[in-house]
Amino acid sequence: MKTRMLHFWISVADLVWIPLAMLLAWLLRYGLEWDFFSTGKLHAISPFVVITWILWNFFSSSMKFDGARDGWWFPAVGSRLFLAVCGVMAALLAAGYLGRWYISRLALIYFGLSLILGCLTIRYVARSVIRRRYYRGEVRQVVIIGDGRVAREVANKIERHPEMLCKVAGFLFSEDSPREEGYSSAIPGTGETVSTLGVIDLLIARQVSLLILAITGPFKAEVLNLVGRCRELGIDVSVVPQPYELYLSRPTLIDLDGVPLLHLHEPSDATTFTWKRTLDVLIGLSLAIVTSPIVLAATFVLRIRKGRAFRWEMRGGRFGKVFPMLRLNIDRHAAGAPRFERVLEDLSISELPQLWNVLRGEMSLVGPRPESPDRVNRYSDWQMQRLSVIPGMTGLAQVHGLREHNSSEEKTRFDLQYLLSVSPISDLSLLLQTIWTLTMRLIRLPSSGSLSKAVAPNPDVAEKVSSVSEDHFMKEAWQSAHRSQSSAD
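All residue numbers for the sequence shown refer to the numbering used here, where the first residue is 352 and numbers rise by one.
Since the hints were made in silico from the structure, they are not lab data. Quantities reported herein were computed from a predicted structural model and do not represent experimental measurements. All C-beta atoms, glycine included, are put in the ideal place defined by N, C-alpha and C. One or more of the hints may lead you astray.
[Stated by the list, open to error] Here are the simulated distance ranges between beta carbons:
1) Arg580 / Ser413: 37 to 47 Å
2) Gly488 / Tyr453: 32 to 42 Å
3) Gln593 / Arg484: 31 to 41 Å
4) Leu444 / Leu371: 31 to 41 Å
5) Ala685 / Leu638: 34 to 44 Å
6) Val401 / His614: 47 to 57 Å
7) Arg683 / Gln593: 38 to 48 Å
8) Arg580 / Val610: 16 to 26 Å
9) Gly579 / Leu464: 54 to 64 Å
10) Thr354 / Pro644: 20 to 30 Å
When you get a sec, could you build the whole thing from the sequences and use the hints?
Okay, here's the thing in structure tokens:
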């Protein structure tokens, strides 16, 4: 199944579900005896259906909530659908007021709930169909030429997107040892070393149908010869264009009368600071007011037990400028810590005082988590890019389960992805994903006692390329609740 066809059928299913959701909402509001199919009633709701169709097409193209964009990550898909439904509800209320069309507020609530639940079900069914085809073996075997950061990330992306119906069979890269020439195969479970002439036989034996070139630097003659042989044998070839530095620019392919041009444009921050600062002040102030009773209660207990409720920790901010970050006086992963402190850490209550840093402009609600000056001083040039923006309380790396024990390299992968597509929608979506993560952790807390004890650190989580998880659509979100910490360093 091609990804474009998948997007098309999901969009069609959404548009079909919209009038059905409206019908269901009216039946829930007025009961089964309500004469829905009378001309007057159909005329009354038809404007709302048309408006929803128009807005849904717009939101679908701009927010890309079909599921494939985020690797079928339930919190991300659900948060974007929730924001889209909220936008639709606001537009319907405004249209009803301006057009003097009567609509029951309760029916609108039923419609919104039906819409989001139905759309989530559509994506669950789509993913189930894809998974069934994937595990039946209806996949293309893929081999990646390269062993650098870009090659590993290509493999990671393929495994996170089962809708491509591709499976990474392994890697091929030049043998560094001077004793042997040719390519070294990193096909899982084999570790074979073959000569250049034996590569084709290996690809045929593995039934490889797609070869991806993800080499940093100029292509060698032997690589070009291999590409030519593969094309002669009907093996498709894809290329990661050069020069391409992972997540430092957004590439756009331009077809100039058959000549491919790759346009690399940098993320623009001309208006980003204005809207991010506005969201930080409005939402940050609201969160500070709402969470103040929790923080005050924790402060009171810590003051009695430790004599000091808060602590300042030095962190590297934008452009590496060091600033003091505020948090509750709790040691991270301290052995023998009281249950009260472990709960504060597991639910990220210990990080809520950083709203003070947000209101001061030293931090943002969403952005790369700030790290200690010692770590910042060891950054590579690639990792330094995460310092180009104001650090945040939560970010894409945190909602994907990376915590302070994970390497800066792993976090940078997600942080730079976020910087390429930063927008108000993405920030609101990440905030909703953080709330989901904390809610799931709160639900699991009574049975686990302390979530931090139940999770073993896994620093290789982002470096290893594994097969598609056997957990289903909803289970992934549930498990993420205890392995991610929205405010981890």
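To see whether the hints hold, each was checked on the structure:
1. Arg580 / Ser413: 37 to 47 Å: Given a distance of about 43 Å, which is inside 37 to 47 Å, the answer is holds.
2. Gly488 / Tyr453: 32 to 42 Å: For Gly488 and Tyr453 the Cβ distance comes to about 55 Å; the hint is violated.
3. Gln593 / Arg484: 31 to 41 Å: holds (33 Å)
4. Leu444 / Leu371: 31 to 41 Å: violated (21 Å)
5. Ala685 / Leu638: 34 to 44 Å: violated (26 Å)
6. Val401 / His614: 47 to 57 Å: 37 Å Cβ-Cβ, so the 47 to 57 Å window is violated.
7. Arg683 / Gln593: 38 to 48 Å: Cβ of Arg683 to Cβ of Gln593: about 41 Å, so the range 38 to 48 Å holds.
8. Arg580 / Val610: 16 to 26 Å: holds (25 Å)
9. Gly579 / Leu464: 54 to 64 Å: Roughly 57 Å apart at Cβ, these two residues keep to the hinted range, so it holds.
10. Thr354 / Pro644: 20 to 30 Å: About 47 Å separates the Cβ atoms of Thr354 and Pro644, which means 20 to 30 Å is violated.
Violated hints for the displayed structure, listed by number in ascending order: 2, 4, 5, 6 and 10.
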